[in-house]
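Asker: Each chain is listed here by its residues.
Protein chains: 2
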Amino acid sequence: MRNELKIGVAGLGTVGAGVVKLITAQADLLRQRCGRPLHVVAVSARDRSRDRGVALDGYRWYDDAVAMADADDIDVVVELIGGEDGPAKALVEAAIARGKHVVTANKALMARHGAGLARAAEDAGLSLNYEAAVAGGIPIVKALREGLAGNQFARIYGILNGTCNYILTEMERTGREFEDVLAEAQALGYAEADPTFDIDGVDAAHKLAILTSLAYGYSVDFDAVFVDGIRHVSAADIEYAAELGYRIKLLGLARPTDDGIEQRVHACMVPTATPIAHVDDAFNAVVAEGDHVGRTVFEGRGAGEGPTASAVVADLIDIAREIRLPTFSTPAADLAPLTAAPMDRHIGPYYIRLSVLDQPGVIADIAAVLRDEEISIESMLQRGRAPGEPVTVVLVTHETQEAAMNRALSRIAGLAPVQAPPKMIRIELL
Amino acid sequence: MRNELKIGVAGLGTVGAGVVKLITAQADLLRQRCGRPLHVVAVSARDRSRDRGVALDGYRWYDDAVAMADADDIDVVVELIGGEDGPAKALVEAAIARGKHVVTANKALMARHGAGLARAAEDAGLSLNYEAAVAGGIPIVKALREGLAGNQFARIYGILNGTCNYILTEMERTGREFEDVLAEAQALGYAEADPTFDIDGVDAAHKLAILTSLAYGYSVDFDAVFVDGIRHVSAADIEYAAELGYRIKLLGLARPTDDGIEQRVHACMVPTATPIAHVDDAFNAVVAEGDHVGRTVFEGRGAGEGPTASAVVADLIDIAREIRLPTFSTPAADLAPLTAAPMDRHIGPYYIRLSVLDQPGVIADIAAVLRDEEISIESMLQRGRAPGEPVTVVLVTHETQEAAMNRALSRIAGLAPVQAPPKMIRIELL
Chain B
327 MRNELKIGVA GLGTVGAGVV KLITAQADLL RQRCGRPLHV VAVSARDRSR
377 DRGVALDGYR WYDDAVAMAD ADDIDVVVEL IGGEDGPAKA LVEAAIARGK
427 HVVTANKALM ARHGAGLARA AEDAGLSLNY EAAVAGGIPI VKALREGLAG
477 NQFARIYGIL NGTCNYILTE MERTGREFED VLAEAQALGY AEADPTFDID
527 GVDAAHKLAI LTSLAYGYSV DFDAVFVDGI RHVSAADIEY AAELGYRIKL
577 LGLARPTDDG IEQRVHACMV PTATPIAHVD DAFNAVVAEG DHVGRTVFEG
627 RGAGEGPTAS AVVADLIDIA REIRLPTFST PAADLAPLTA APMDRHIGPY
677 YIRLSVLDQP GVIADIAAVL RDEEISIESM LQRGRAPGEP VTVVLVTHET
727 QEAAMNRALS RIAGLAPVQA PPKMIRIELL
Chain W
327 MRNELKIGVA GLGTVGAGVV KLITAQADLL RQRCGRPLHV VAVSARDRSR
377 DRGVALDGYR WYDDAVAMAD ADDIDVVVEL IGGEDGPAKA LVEAAIARGK
427 HVVTANKALM ARHGAGLARA AEDAGLSLNY EAAVAGGIPI VKALREGLAG
477 NQFARIYGIL NGTCNYILTE MERTGREFED VLAEAQALGY AEADPTFDID
527 GVDAAHKLAI LTSLAYGYSV DFDAVFVDGI RHVSAADIEY AAELGYRIKL
577 LGLARPTDDG IEQRVHACMV PTATPIAHVD DAFNAVVAEG DHVGRTVFEG
627 RGAGEGPTAS AVVADLIDIA REIRLPTFST PAADLAPLTA APMDRHIGPY
677 YIRLSVLDQP GVIADIAAVL RDEEISIESM LQRGRAPGEP VTVVLVTHET
727 QEAAMNRALS RIAGLAPVQA PPKMIRIELL
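So the sequences go chain by chain: B and W.
Heads up: take any position in the first sequence, counting from 1, add 326, and you land on the numbering used here.
Heads up: take any position in the second sequence, counting from 1, add 326, and you land on the numbering used here.
Hints in this document: simulated from the structure, not taken from any laboratory.
Quick caveat, the model's predicted, so the values are computed rather than measured.
Every residue, glycine too, gets a C-beta built ideally from N, C-alpha and C.
Keep in mind that the hints are not guaranteed to be accurate.
Computed far set for chain B versus chain W, every beta-carbon distance over 10 angstroms [claimed, not checked]:
| no. | residue |
| --- | --- |
| 1 | ASP399 |
| 2 | ARG424 |
| 3 | SER545 |
| 4 | PRO668 |
Label pairs and their in silico Cβ distance ranges [as the list claims (entries may be wrong)]:
| no. | chain 1 | residue 1 | chain 2 | residue 2 | range |
| --- | --- | --- | --- | --- | --- |
| 5 | B | ASP585 | W | ASP449 | 50 to 58 angstroms |
| 6 | W | ARG502 | B | GLU569 | 29 to 37 angstroms |
| 7 | W | ALA353 | B | ALA416 | 36 to 44 angstroms |
| 8 | B | ARG557 | W | ASP449 | 54 to 62 angstroms |
| 9 | B | GLY409 | W | LEU514 | 52 to 60 angstroms |
| 10 | W | ARG328 | B | ALA450 | 16 to 24 angstroms |
| 11 | B | THR340 | W | GLY740 | 58 to 66 angstroms |
| 12 | B | ARG671 | W | LEU514 | 39 to 47 angstroms |
| 13 | W | ALA513 | B | THR500 | 47 to 55 angstroms |
| 14 | W | GLY586 | B | ARG650 | 32 to 40 angstroms |
| 15 | W | ALA480 | B | GLY409 | 33 to 41 angstroms |
| 16 | W | PRO686 | B | ALA513 | 54 to 62 angstroms |
| 17 | W | ASP670 | B | GLN478 | 48 to 56 angstroms |
Chain B is faced by these chain W residues, among others (derived, beta-carbon under 8 angstroms) [as the list claims (entries may be wrong)]:
| no. | residue |
| --- | --- |
| 18 | ILE464 |
| 19 | PRO465 |
| 20 | ASN477 |
| 21 | GLY632 |
I would like the entire structure built from these sequences, with the hints used as guidance.
Answerer: Shown next as structure tokens:
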């Protein structure tokens, strides 16, 4: 049997403690499957006194995580500190510089600095593994990098943020409004006190940028992702979506187009009949459409102690088994700079919801604006009649370009009988 | 760049031709992702003259596949001949004996002889990869062996046969009977002329036996699988299932019990709300329930040229990248013999459909039989009234043991007013 794999874990929040627990609980299984024991030798966190539900006295303690990178008896540094810069980045850089493999769950770090870190690791013959950074427990990084690596991908998309999916599912289930469900999710611990990264789509965009690099061989380019969240989705939209045969999900989607790589995160109406429409609550799912394999769907828990620890430990198992792979499937030296398709050039159907005064000629005015932008209406519904009062008008368009849609929405907003800024949700035909 | 990986492909049916096509079409991508070219140097099949939709003149031709194992310029033999014995087995054994890696899509071979072949390959430091043998294009072998390898599994189950899933979906969609839909599927080429292996569950059982070994660390033991198919499922059962909140799927399921490992393949009623209930047509899906990761679902195409070639090429990519892993995750030398839980000890709810004469006391007689076996009735429905004529009675039981259920069914079959052998379908609470 080969030597034990000696591990240092930096960051002892829920996930860090979960990793230490998993490695301890499954010691026999891991030794057998890896042909060598996995051994945590050191840990690092700021507060030594906190009870983390796991015995930590057997491990050497570092107050300064970066100092851990210097330890001669550590083979792999597990970075679970989080944050795109600061100590997390300093630790990963130091670890690679000292010849240590790295496992990280840090999507912000990988989305911002993944290409450079991958280059450094590969130049040094080291592994930089990050399965836990995308879709938690779902082994999607491995699937794209290895299991589906013989394919070119027409499209990669997924539900990448469990908090948003929980909120949207709960809004649909109860008919309640976004702010109300968010407040409850915060009280239950399903959403952060500062939920911005989740509900504004940033977290999903970090993950999408990583998936794009894996699938298409470009340097990770977070700034090229169009990012929008779910704050503007209302109970009424969810209800109309159901009536039209859709459900609303926050999707991240990447695909090559004639204008470059499209990467976007936003609320979408997806057809009820598509598998991803049935992924509910805090579950995540990723769909990869390969030219040979066809549509593959991967679903599981995207966050939480157990699922994230499962992914971190899978990365450690790969290192213990001496699997060394290009970080983003394509060797880092060959990753090309990404040309981003401008969001203005996006083409798709759109859902529009308007509050208009119920008076003669309103629909004609709206229809004229759409005609001027060459936007064709697929269906229209107006609920109720209330002459002189505001009523809701819902429009679904055929495929049109985002730029034309934005111009039309801006003109419609300026029409006198239109009572509030128009609501728009993109429809994704999956 | 390392030397090219030299490949011999034996068996040039749809999948073999697809593998050659994929390697040719994606040559640049594969060279980049593997850091070396993948190069087919030889092929083998019986009939040289057949048009396979791909140019084969550039490759050395073997009439005898086993002779290919002797070629000095081949690094990997791809076995796509099929069959659990005969030339497929001879070729794989010869290849391993001559120090060549093996990639196979042969589930029958791996289910029958996997443990011994794995031992031979691992003793020789060779890879024996078989991603295509289970669930086609879905990288489930890799997921269990690597991506989820830090978990113990409470249960592994899936829709493992696309032909059966297609037939059941089509029966549900059209209300037609099994024989009718099977005949159509055969005419369309979705089912084999001799469909026995598919519709009687043997193909799914081969795949399940492989998954069990991967997930639980036992030697593959096909003979320990309880196998039943879908011939007995009727349009009426599908209709009653819908009414009761279920869909009927052919499932393969493995789990550890106090009596040993339960491995079974049979038609199941699964709750409509569970993800696997929505896997339709020829799609396959596998669900792995890990103690840390929770429920993960993998869905995709389980057969066909492109998906199967995708899986075969993924195995070749692993070999080109010099990934060497224990064949069944646990090293072959450590695989334990499996203790099979007897099917008689299975516990679950049951659906029973009876044709009985509509006369006083019939239900009381049936209920008495169930009471005698301590089987408790969850619900009962009788459609229509036709005194003296046969009517359908449907029963759903609470959890009970298979042995008790079989005794009860045998007694019920003997009751005078019971017009035909009772139909029974197991319900699976997922």
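Asker: Any hints this thing doesn't respect? Which numbers, in order?
Answerer: Per hint list: zero violations.
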